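Engineer: Below, each chain spelled out in residue letters.
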Amino acid sequence: MSYDTLVVGAGLAGLTTALRLTEQGQKVVIVARGVGATHLAPATVDVLGYLGEERVDSPASALTTLLTDVPGHPYGRVSRQQIGASLEWFCRRLERLGYAGGLDHNGLFPTAIGVARPSALAPRTMLGGDLRDGGRFLFVGLRGFKDFHPSLLADNLAHARLPAPVTARALELEPPAERRGDLSGRLLARRFDSGELTDWLVRALQGRVEAEERVGLPPVLGLRRADETLADLENRLERHVFEVPTLPPSIPGMRLYDTLTAALRKAGARLVINAAVVGAQAHDGQIESVQVASAATTMSYRTHSVVLASGGFASGGLTLDSRGAARETVFDLPVAGVPEDGATRFVAGYFDAQPLSRAGVAVDDLLRPTDRDGSPVYRNLHAAGAILAGAVPWKEKSGTGISVATGYAAADAILAPSAVGVSGSIG
Amino acid sequence: MSSLEADVLVIGGGSTGAGVARDAALRGFTTILVERRDLVDGTTGRFHGLLHSGGRYAVKDPSAAVECIAENRILRRVAADCLEDTGGLFVATPWDDPDYGDLFVKGCEATGVPAEEIPVAEALRREPRLNAEIRRAFVVPDAALDPWKLVWGCARSAEQHGARILPYHRVLDLEVVDQRVLGALVRDEHSGEEFRIHSKVVVNAAGAWAGQIATLAGCVVNVRAGMGVMIAMNHRIVNSAVNRLKFPADGDILLPLRTACVIGTTDVFVPDPDDTEIGRDAVDLLLDEGEKLVPGFREARALHAWAGVRPLFEDTRDVAETRDVTRSHALLDHMAREGVAGFVTITGGKTTTFRLMAEVAVDAVCRQLGVERRCTTAEEPLPGSESHTLYGLDTRLAAREPVPQSEEIICECELITRSRLEQTIKRRATTNLDDIRRLLRLAMGPCQGGFCIYRATGILHHGDRVDHTEANRALVSFLEERWKGLHPILHGDQLRQARLDDWIFQGILDVEHLPA
Ligand SMILES: Cc1cc2nc3c(=O)[nH]c(=O)nc-3n(C[C@H](O)[C@H](O)[C@@H](O)COP(=O)(O)OP(=O)(O)OC[C@H]3O[C@@H](n4cnc5c(N)ncnc54)[C@H](O)[C@@H]3O)c2cc1C
Ligand SMILES: Cc1cc2nc3c(=O)[nH]c(=O)nc-3n(C[C@H](O)[C@H](O)[C@H](O)COP(=O)(O)OP(=O)(O)OC[C@H]3O[C@@H](n4cnc5c(N)ncnc54)[C@H](O)[C@@H]3O)c2cc1C
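Note that the protein sequences, when read in sequence, are chains A and B. When you line the first sequence up against this note's numbering, it's residues 1 to 427, in that order. When you line the second sequence up against this note's numbering, it's residues 1001 to 1516, in that order.
Hints should not be assumed to be uniformly reliable.
Unchecked claim - With the C-beta cut set under 7 Å, the calculated list includes, among others, these residues of chain A facing chain B:
hint, residue
1, I113
2, V115
3, D155
4, R180
5, G181
6, F313
7, A314
8, S322
What the hints assert, rightly or not - A partial selection of chain A residues facing chain B, derived with a Cβ cut-off under 10 Å:
hint, residue
9, G34
10, A37
11, A41
12, T111
13, G144
14, P248
15, R345
16, V347
17, K397
Said to hold, decoys possible - Quick list of the computed label-pair ranges, beta carbon to beta carbon:
hint, chain 1, residue 1, chain 2, residue 2, range
18, A, P163, B, R1465, 31 to 39 Å
19, A, G134, B, E1189, 34 to 42 Å
20, B, W1148, A, R203, 26 to 34 Å
21, B, E1194, A, H105, 52 to 60 Å
22, B, V1268, A, E288, 50 to 58 Å
23, A, E210, B, K1426, 30 to 38 Å
By construction, these hints were calculated from the structure, which means they are not laboratory data. Please read these numbers as outputs of a predicted model, since none were measured by experiment. From the three backbone atoms N, C-alpha and C, an ideal C-beta is built for every residue, glycine too.
Let the hints inform the model, and build the full structure from the sequences given.
Structural biologist: See below:
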């Protein structure tokens, strides 16, 4: 088996690279142990939401400050133009999900506990929750779905720091019982897909929504046809309706994954899920083939380029042993940002800066992992997404943005290495 | 200023204080117990969890061994519901002095601790993960002891006999007139209100803080705080309490605790019993000792670490090594010692011997009051233990299984239902998720609250008593508190879990930017 590019990992970074390369005519295979963080995360694209304590309104202008403060940040390895282009490309390729937004202004979307969280792009099902223009909001909980608490959400939101006045209140509805006990997100999504809960919800809200109120719901509007369900609800309720992301698993994330993988398959890429990349054969600084282990066998895939998009500690792309040594688990690359032997790895304050936070793989301007003296470990190995060193994405609110931007840029680096590289282009 | 009156005022809501309050109430004294925080939030809620057979002390401290086995037998009867009958093993690893085994046999014979030698092959059959190189193995009647059930059981029983139990009431001062303690000045830590409690006798059961309390009466009680660290591991790596066959030392016991198991402990003096930061060296030491018992232990998934402080009583000051101080308790009648009447200190000891400690303390109360009332705690079972059946690993699941899908499960790891959580919040009238954690074991499983704490916060706020700021504070302080036990042991799969939780709380929910 021989490919132009083999991508390790089916998270947002791997899927982005693979789709971009496939549509440019490459023969691509994705090998992934599992589905990655997409099934757990809210499905917004967060480029940069916070600079220290400061909430970011415009990622475009805040990036300059970020890169001055944190020169080793992953965004320092891609050009501003590439970040912008990656977002545009993302919106275009995911038209079915109706992503909107951009690099110039963050939207502000409520979290399930009622904080206004900045995101650069959001899917259509969340756009109605944008808080920037203020307004009146009703949050509706579904009894039995324990991962959504509308009254706490509404109370917090009513006290949030926002550019325009917001009022918020809560309502708890009891969906017709299929059985007692926990209602999972998947179960509710299935019942929205069948139309059953859509009709019920419209009836249940009759006379209980006030004029001008937008309606926020848990993120369970269906797996197959959430966009139609949303349109249907908005038409019949004559107002904006939106989803508010909450704890994993994430139905909006599954939609994103399904849409991306369907596009990939259609474009002719191959996906091998439930298989792990366990090593590589290299010659003269070039990877020539990669070992892939699945349940039964280990096989060798020949490839011209490799993109490592195996995620960070959360996805097993990195591990830390009990003595504090960090390891990159696929190619045993050097890991940057790990406190020296004996130095503190974690400090006692949960919200304080944690010394290990920025650990990951350091890369050059073609996103190639580098060794300690800065030269690429392999000439044809690139890395993208959460495996990269330099960010604290859960604080910055930059996880998915980094994955899309670096995934896109890794494809550029493979397709036209001479045309990219950031030297001089950032600013 | 309002005031309360009682025959006996007990200071401290650990196993000792709760035991004293129950014993005093059963003997017909009007009794009040005050605890500055929640019950079981001192050393008793941060101990290892072993109901000792006495084997550990059979060589080094025979009188402690005799007490342990006697109390072990009594508690199996009267506190059965607080015990899991794990049984115990003493095993000699290649690192342990081979001559100790014979000393152990003699010590157990002399102290009456039943210890039966079994073939190594049999020990490995019972505990297949143990190091196959072990050389000798003995079976002893150890058990796992649930301190929350024990202390709350004592408190409920005391209340049934008329006692008042006041958590979150801190003793600020003792009232001493003419060499007699007349009561205490107490502050309600929730309302901030200060008031007096008058009593005939004050029992100081403040554990490692007993010295601080004694000072308030002008007495000297020299308790040193010996801090010990424990680590809970994600699996029930062993099914019985496994002790090293050697002189008591650091990291020599691995104890199953419900679905987890706990390695412990260490021992260093700390100047302030409230300052117990867990160092990486203690964690490394425990993981290394664990590795000797169970190969692969170091890199197995650790869940959580915590530290407790032993109240170590000493009458002389120059003791270099904390483990040389006797584990037997100290009863100090300050009438006899310093001529201060109405004041008794009971400290040191172990949770295993808490009942005996309470008995001798209340005997001293009787002497001070010049009355004779018999102790009945060796016969009278605690509420819930009337049937004398020990709890099992499957008790919670078995209780849920008949109607598996009848209700929302808020904490999947510990099988806590929504109604159980709502009732507890209501009954305890608390907004502190950490108190609820201790009562229900909420968030004590592998995910350490990653999923259930947002839910619990929502439910806490759902009632009409708690506004959003209080709910937010409960959530944030829970996360901060839990991190103290997580950051020292983060590696491998638990770091992965912690990252997932960072994403949930800081990413998805963005709790860092909740309104203040
Ligand atoms: C619960 C949760 C909530 C989140 N919320 C947000 C949010 O609100 N905003 C935000 O910006 N970001 C969020 N994120 C983070 C975001 O999802 C990540 O940063 C994501 O973008 C990383 O994508 P990735 O492709 O780099 O890696 P991942 O999505 O982690 O994917 C890694 C892939 O590599 C595979 N892999 C690993 N090792 C191997 C191997 N040896 N062989 C083969 N395959 C391998 C994995 O199976 C997986 O497919 C959240 C993450 C989580 C877990
Ligand atoms: C690491 C470690 C492991 C151990 N393992 C075991 C074991 O496996 N088996 C065993 O049997 N024993 C064990 N022990 C011993 C046992 O835990 C203790 O001896 C026992 O818990 C002491 O109980 P206590 O009630 O005396 O003290 P505590 O539980 O500490 O109670 C004293 C209480 O007094 C309160 N207090 C302090 N100041 C005030 C004030 N001003 N006003 C009101 N209240 C106040 C404190 O908040 C505290 O709750 C262990 C001890 C340690 C440290």
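Engineer: If a hint holds in the structure, say so; if it doesn't, say that too.
Structural biologist: Evaluated hints:
1. Of the supplied interface hints, the one on A/I113 holds, with its beta-carbon coming within about 5 Å of a beta-carbon of chain B, less than 7 Å.
2. The closest approach between the C-beta of A/V115 and any C-beta of chain B is roughly 4 Å, which is under the 7 Å cut-off, so the hint is satisfied.
3. Residue-level restraint check for A/D155 holds (minimum Cβ-Cβ distance to chain B is 4 Å; threshold 7 Å).
4. Given hint, A/R180 at the interface with chain B, holds; its Cβ is 5 Å from that chain's nearest Cβ, closer than 7 Å.
5. Because the smallest distance between the Cβ of A/G181 and any Cβ of chain B comes to about 4 Å, under 7 Å, the interface hint for this residue holds.
6. Given the 7 Å rule on beta carbons, the hint for A/F313 holds: about 5 Å separates it from the nearest Cβ of chain B.
7. Taking 7 Å as the C-beta cut-off, the interface hint given for A/A314 holds, the closest approach to chain B being about 4 Å.
8. Checking A/S322 against chain B by beta carbon gives a least distance of about 5 Å; that is within 7 Å, so the hint holds.
9. The beta carbon of A/G34 is not positioned within 10 Å of any beta carbon in chain B (closest approach about 13 Å), and the interface hint is therefore violated.
10. Against a cut-off of 10 Å between C-beta atoms, the interface hint on A/A37 holds, since the closest Cβ of chain B lies about 8 Å away.
11. A hinted interface residue such as A/A41 counts as satisfied when its beta carbon comes closer than 10 Å to some beta carbon of chain B; here the least separation is about 7 Å, so the hint holds.
12. At a threshold of 10 Å, the smallest CB-CB gap from A/T111 to chain B is about 5 Å, leaving the interface hint in force.
13. Checking A/G144 against chain B by beta carbon gives a least distance of about 6 Å; that is within 10 Å, so the hint holds.
14. Annotation: A/P248 was flagged as interfacial toward chain B, and the flag holds, the nearest CB pair being 7 Å apart, inside 10 Å.
15. Here the hint on A/R345 is kept, as its CB sits about 7 Å from the closest CB of chain B, short of 10 Å.
16. Because the beta carbon of A/V347 sits about 7 Å from the nearest beta carbon in chain B, less than 10 Å, this interface hint is met.
17. Hint on A/K397 holds. Least Cβ distance to chain B is approximately 7 Å, under the 10 Å limit.
18. Between A/P163 and B/R1465 the beta carbon distance is about 33 Å. The supplied range of 31 to 39 Å therefore holds.
19. A beta carbon spacing of about 41 Å between A/G134 and B/E1189 agrees with the range 34 to 42 Å that was offered as a hint.
20. Checked against the hint of 26 to 34 Å, the pair B/W1148 and A/R203 fails, with Cβ atoms roughly 47 Å apart.
21. A hinted range of 52 to 60 Å for the beta carbons of B/E1194 and A/H105 is consistent with their spacing of about 54 Å.
22. Between B/V1268 and A/E288 the Cβ separation comes to about 55 Å, which falls inside the hinted range of 50 to 58 Å.
23. Taken as a hint, the range 30 to 38 Å holds for the pair A/E210 and B/K1426, whose Cβ atoms sit roughly 32 Å apart.
Hint check: violations occur at hints 9 and 20; the rest are consistent with the structure.
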